[in-house]
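For the protein sequence lines, the chains are A, B, C and D, in the order given. So the first sequence is numbered by our numbering: it starts at 1 and just counts up by one. So the second sequence is numbered by our numbering: it starts at 1001 and just counts up by one. So the third sequence is numbered by our numbering: it starts at 2001 and just counts up by one. So the fourth sequence is numbered by our numbering: it starts at 3001 and just counts up by one.
Honestly, the hints are just simulated from the structure, not real lab data. Predicted model, so just to flag it, every value in this text is computed and none were measured. Careful: at least some of the hints might be erroneous.
When the alpha-carbon atoms are kept at most 30 angstroms apart in a straight line, the in silico DSS-like pairs for lysine-lysine are as follows [claimed, not checked]:
hint : chain 1 : residue 1 : chain 2 : residue 2
1    : A       : 204       : B       : 1265
2    : C       : 2265      : D       : 3265
3    : C       : 2195      : D       : 3205
4    : B       : 1204      : A       : 265
5    : D       : 3148      : C       : 2204
6    : A       : 41        : A       : 7
7    : B       : 1007      : D       : 3205
8    : B       : 1195      : A       : 265
The lines below spell out each chain.
4 protein chains.
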Amino acid sequence: MSGIWGKRIEMSLFGESHGPAIGVTLHGLPGGVQLDLDEIKKQMDRRRPGQNAWSTPRKEADSFEILSGFFEGRTTGTPLTAIIRNTDQKSRDYGRLMHVMRPSHGDYPGYVKYDGANDYRGGGHFSGRITAPLVFAGAVAAQILGLKGIGVGAVVTGIGRQTAERIDSVSFGANDLLLLKEQNQPTLKVEDWEKLQQEMASAKKDHDSVGGTVQCIVTGVPAGVGDPFFHSLESHLSGLLFSIPAVKGVSFGSGFDLSAMRGSKANDPYRYVDGRVVTESNHNGGILGGISNGMNIDFTVGIKPTPSIGMEQRTVDLETGENTLLSITGRHDPCIVPRAVPVVEAAAALAVLDMMIWGGIWN
Amino acid sequence: MSGIWGKRIEMSLFGESHGPAIGVTLHGLPGGVQLDLDEIKKQMDRRRPGQNAWSTPRKEADSFEILSGFFEGRTTGTPLTAIIRNTDQKSRDYGRLMHVMRPSHGDYPGYVKYDGANDYRGGGHFSGRITAPLVFAGAVAAQILGLKGIGVGAVVTGIGRQTAERIDSVSFGANDLLLLKEQNQPTLKVEDWEKLQQEMASAKKDHDSVGGTVQCIVTGVPAGVGDPFFHSLESHLSGLLFSIPAVKGVSFGSGFDLSAMRGSKANDPYRYVDGRVVTESNHNGGILGGISNGMNIDFTVGIKPTPSIGMEQRTVDLETGENTLLSITGRHDPCIVPRAVPVVEAAAALAVLDMMIWGGIWN
Amino acid sequence: MSGIWGKRIEMSLFGESHGPAIGVTLHGLPGGVQLDLDEIKKQMDRRRPGQNAWSTPRKEADSFEILSGFFEGRTTGTPLTAIIRNTDQKSRDYGRLMHVMRPSHGDYPGYVKYDGANDYRGGGHFSGRITAPLVFAGAVAAQILGLKGIGVGAVVTGIGRQTAERIDSVSFGANDLLLLKEQNQPTLKVEDWEKLQQEMASAKKDHDSVGGTVQCIVTGVPAGVGDPFFHSLESHLSGLLFSIPAVKGVSFGSGFDLSAMRGSKANDPYRYVDGRVVTESNHNGGILGGISNGMNIDFTVGIKPTPSIGMEQRTVDLETGENTLLSITGRHDPCIVPRAVPVVEAAAALAVLDMMIWGGIWN
Amino acid sequence: MSGIWGKRIEMSLFGESHGPAIGVTLHGLPGGVQLDLDEIKKQMDRRRPGQNAWSTPRKEADSFEILSGFFEGRTTGTPLTAIIRNTDQKSRDYGRLMHVMRPSHGDYPGYVKYDGANDYRGGGHFSGRITAPLVFAGAVAAQILGLKGIGVGAVVTGIGRQTAERIDSVSFGANDLLLLKEQNQPTLKVEDWEKLQQEMASAKKDHDSVGGTVQCIVTGVPAGVGDPFFHSLESHLSGLLFSIPAVKGVSFGSGFDLSAMRGSKANDPYRYVDGRVVTESNHNGGILGGISNGMNIDFTVGIKPTPSIGMEQRTVDLETGENTLLSITGRHDPCIVPRAVPVVEAAAALAVLDMMIWGGIWN
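Chain A with its partners taken away, still in its complex shape (with noise of 0.2 angstroms):
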């Protein structure tokens, strides 16, 4: 397999949940730029379990230490590495696991690529603990982009059958992503966050997990940002939005609406503001032809329920070759779409830094 992702940032990502160290390196950097190593660790943070009812009670201090790349407090232009130590491994008996296949689980496709070779232990190199660089990747790269005064934020949206307030892409600026970087709740409003909570609450009360959706928005990015067909700012953030576990649908703007949609609506009109194109709505998300127009990026994913729940489930055991049920104890989210939250913004970050820096929009 590959863990090498990005064409001119090329980011190589490693670890398994139960070895030794996850990490990640940073090729392409440019040199010379001061890093905030307490931003880092907060957006860490906001991805690290055991924080509160609705996730893991796992513990992971996700401290980090960077390897090279980083010298007096600045970036050096060479490879940027990050290792964070596997803490808390439980020595549990995984016996039952190794043969037992978890439904919607990377498991059992795992298992068929790599011929049982590969650490069954705690999903392996599968694990969503493998974000945990992602996240420190994309903090990293969000510090370069705020160079040029681009920002990324993301809220949920929506958790099982309750959805939230989205945000408006036509207005939203680089002042109300300041706001929304203080607030404490992940979606724009307070109110909506209780309605999610239940819904979480809920579905740990029945043993059981459910999903939800995330928006996010890019400001600050200059038009002409991405390639036509392949490289397409679309499928650069595509490409790397689907290698976030659990994500099962992206879609740009207004997506799937648009389907339903006349050109007469869908088409985001021209006008000049204080000398400046801009469109009047952004039902394209920022991305005509595949490079950006200039307004805001708008994107939403769709994030499936965590699939190890405590409900018993049909599955199969490949040792005795029968059918079997399953039952998964011990630590698990019952919602990881908050904990997604900013590894979706890493995400973004990361794909819009790699094809500014590609397109030769950087100096």
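Position chains B, C and D relative to chain A; hints supplied.
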């Protein structure tokens, strides 16, 4: 920009709508594979415009010429190049469209990106016409996949506010695919096609356009295709699907509906059938942890309405620097969704073949 | 196989010697660059056979057709494709050469690799003829480099046992390059050319062939081009140079002679001249730590004798499975070294341009 | 910059000489391969300094820690990362070397490229120390190649003006390789090693350094490995070999000597031996048309003298903008050629393994 896609089957796409020719080079094909050129032509005809009421009357013979990599009826294993001459190039005056931007079209970001150097005629390299060589490439890939018993079929599942029946990805098999290929309409059911044609006719009458959705199934893919994370089958498919002009959403299996489900419903239970591991439902679209699980691959794309409409729209004139109005005259499809079906199939065939060879699941 | 090269300028090469056409697509070119097509033609004529005693009488017009990426005399920034039709294809009987292997030729490993599916006629994709589109691509790259004051020039420095004067890479400047371009002989000095021609004539008389060396200089490259380690300028140049059929050695600056030197002699002392850092000698060929140091890039390639000779050789017949003898009749150059000069220049121009754009040293 | 190399085995290299750690991630390794960690350690010890008179007394334990991709003694098929902590970091004053450039060292172009942001201590990312993880990676690749009966061995063939006997690549077999591995000296013959050691001692006495050459043989490579043109085995090997600091020349088989030969002598005649196609000579170093022909791969690298010498040198001071003199004190090898042997072997193993997996010649 880069017009190169793929990890092991590297595809190089080139051409402008009104230049001498468009074409594609496929690197990394296995050698010694017999190609049925008539079958390729048939696939290209499905995409070709000018065949019915809902597509542009523009005539494009779309006859291809293979320049390399093909000898005595078989692939040689060296780069295979095919070109399609552009014949129906009206030398009409593009004057106003050079500086009056078409809303929701790629011309404005393209203008910014290429600093006005790009070929503006007929959309240039942004034209939907560039999907013709993509269909050629996909038809080659589909024939190679066919040698392993893998098939690809797509149907229109909605146009505007009208929906059509979806394929049941649990029961759909190789025989169903053969029947689908013999149908004359792009929907699963004949009766749905009537409804959808009326929706297109209505938009046309109003000088407007309309979007839609396409569902695609890949049958016969063995478990184990795809990498975890960055080169997940979902990442690879979506990257190519979002290259297709007008695609604004991609989802796998039950897609965004999964976000509203609980895990107990969304999880696909395993069972043994004739010694083979299958799932009882296929909400995950045949992909878990980024890797195929042996079930049918099932995904849906959302396509926006074609931006070029006859109705008057508000826009800007880059020459005068002022707001203006624009009515786009000329030959335009009111709906490209039916013609997108073979393009979606092409993308699916290419992405699956590429990941299979990449993963060494080929011999 | 992959016929794609480059990190930022991605080049896709295709074609067989006796197929319909050979060609190249250049992705990632800057847009808006005016191209002098006559100058490109001139470079291709330098490589073209059939012009004198020491090259094959085979006629190849080598007239190219640009299919895409070029509009109103300028690059568009989208993929630029050029093809060259194969016209002088004698339909002679290749029968015996299909199974009797030519010593030191690529046909035997090609047969094994492609399992007999490759186009055996005239070397197929292994043919030296495939360097024609490489010269096209290099001529485009050289014109773009010229906009930044960068020039490329190569000379023959030896054929068989005869050597010719080398360029002094310390003193050689832009003006010397202009003079070199106006010369009629491929050596620095006219008198050397006489000697070398006799060496070629002597080999021809004996139905034999002879090798040689080519030195290449790139003037005007600023310091800072290239990456440390894997994408060193030396790595990038050598990778492309060893793609040229018959090249068996590549060295930079004083090359293998450096192995016999002491550091005190091999090190190039720095000094300031007119406020600019230069070196007093250039044993390192303008590259240190994989990165240009602002001096002339200077490298040498060693080219083996053409394998196709009229003299009788011992070889094997794959059909009979027995040892046999082979005399290769037909049109063959006794020496390809003079014709390799524009090919080496093309490789140099492409590698330097690619690394400059990759490194962001372009605007 | 990009520190990523390879097409199918993607290698990500990171670290600075005086940072916390250096390391490497190998993507794309086959899963389930048992690794002998002691054997890897042994290879790294061959490169390690501080072991004899002609290498720097600097102590580097070079003990590696595997962080991922390795479980229960076997590769998992997911990315394998190993790091080596930097322990012997003297916090000496680099003051003057921050602005006084070392002739023929990478510091000046590095300074220009990274605009002064790079880690200047001990060469930073340019340090020869970064070859330690390369040897780790090569040792892993060599063990995997060993499963297919492929072996890699290199010897010193010259230091300064003294030469040592070369391996005869026609007769050298797997048994000869085993004997070579058991030798204590890095030359083929013990007596040559005496001569070469004297040459190094003499340079050291003069506070000078000296270069040399290394020949490398890869036995057991089947015919058919490598692509024509851009990804020829020669291109792939040379690209990685020129990544090794101080390598200034690479040649295959008889290399530059071929340039002076006639085809009748340079061509390697084929013959059947025990039903297998072999060549009587191996002037082409086992590679024809860029592809292995089944004979031993044979290549030679030329290594320049280490640039850091105690003798006084002319150079520039970037701070004062004036010419100055520099004597480099501290711990420096008078000759790195013997320590380069395992690095060259590592590069050979990686390049051959990568092209074999790329070409699908693996199962």
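**Study point:** Hint consistency between residue 1007(B) and residue 3205(D) [alpha-carbon to alpha-carbon, up to 30 angstroms]
**Key:** At roughly 53 angstroms apart (the allowed maximum being 30 angstroms), residue 3205(D) and residue 1007(B) break the hint.
task: Take a quick look at whether residue 3148(D) and residue 2204(C) sit within 30 angstroms of each other, Cα to Cα.
output: violated, 44 angstroms
Next on the checklist: Between the alpha carbons of residue 1195(B) and residue 265(A), is the straight-line distance 30 angstroms or under?
Outcome noted: This hinted pair holds, its Cα atoms lying about 21 angstroms apart.
(Q) Between the alpha carbons of residue 204(A) and residue 1265(B), is the straight-line distance 30 angstroms or under? (A) Given that 30 angstroms is the threshold and the Cα spacing comes to 15 angstroms, the pair holds.
- Message: Checking one constraint from the list: CA of residue 2195(C) to CA of residue 3205(D), max 30 angstroms. Satisfied?
- Response: violated, 45 angstroms
Checking one constraint from the list: CA of residue 2265(C) to CA of residue 3265(D), max 30 angstroms. Satisfied? Given that 30 angstroms is the threshold and the Cα spacing comes to 36 angstroms, the pair is violated.
TODO: Would you mind confirming whether the straight-line C-alpha gap from residue 41(A) to residue 7(A) stays at or under 30 angstroms?
DONE: holds, 26 angstroms
For the pair we were handed, residue 1204(B) and residue 265(A), check the Cα-Cα distance against 30 angstroms. holds, 15 angstroms
In the structure shown, a violation is registered for the earlier hints numbered 2, 3, 5, 7, in ascending order.
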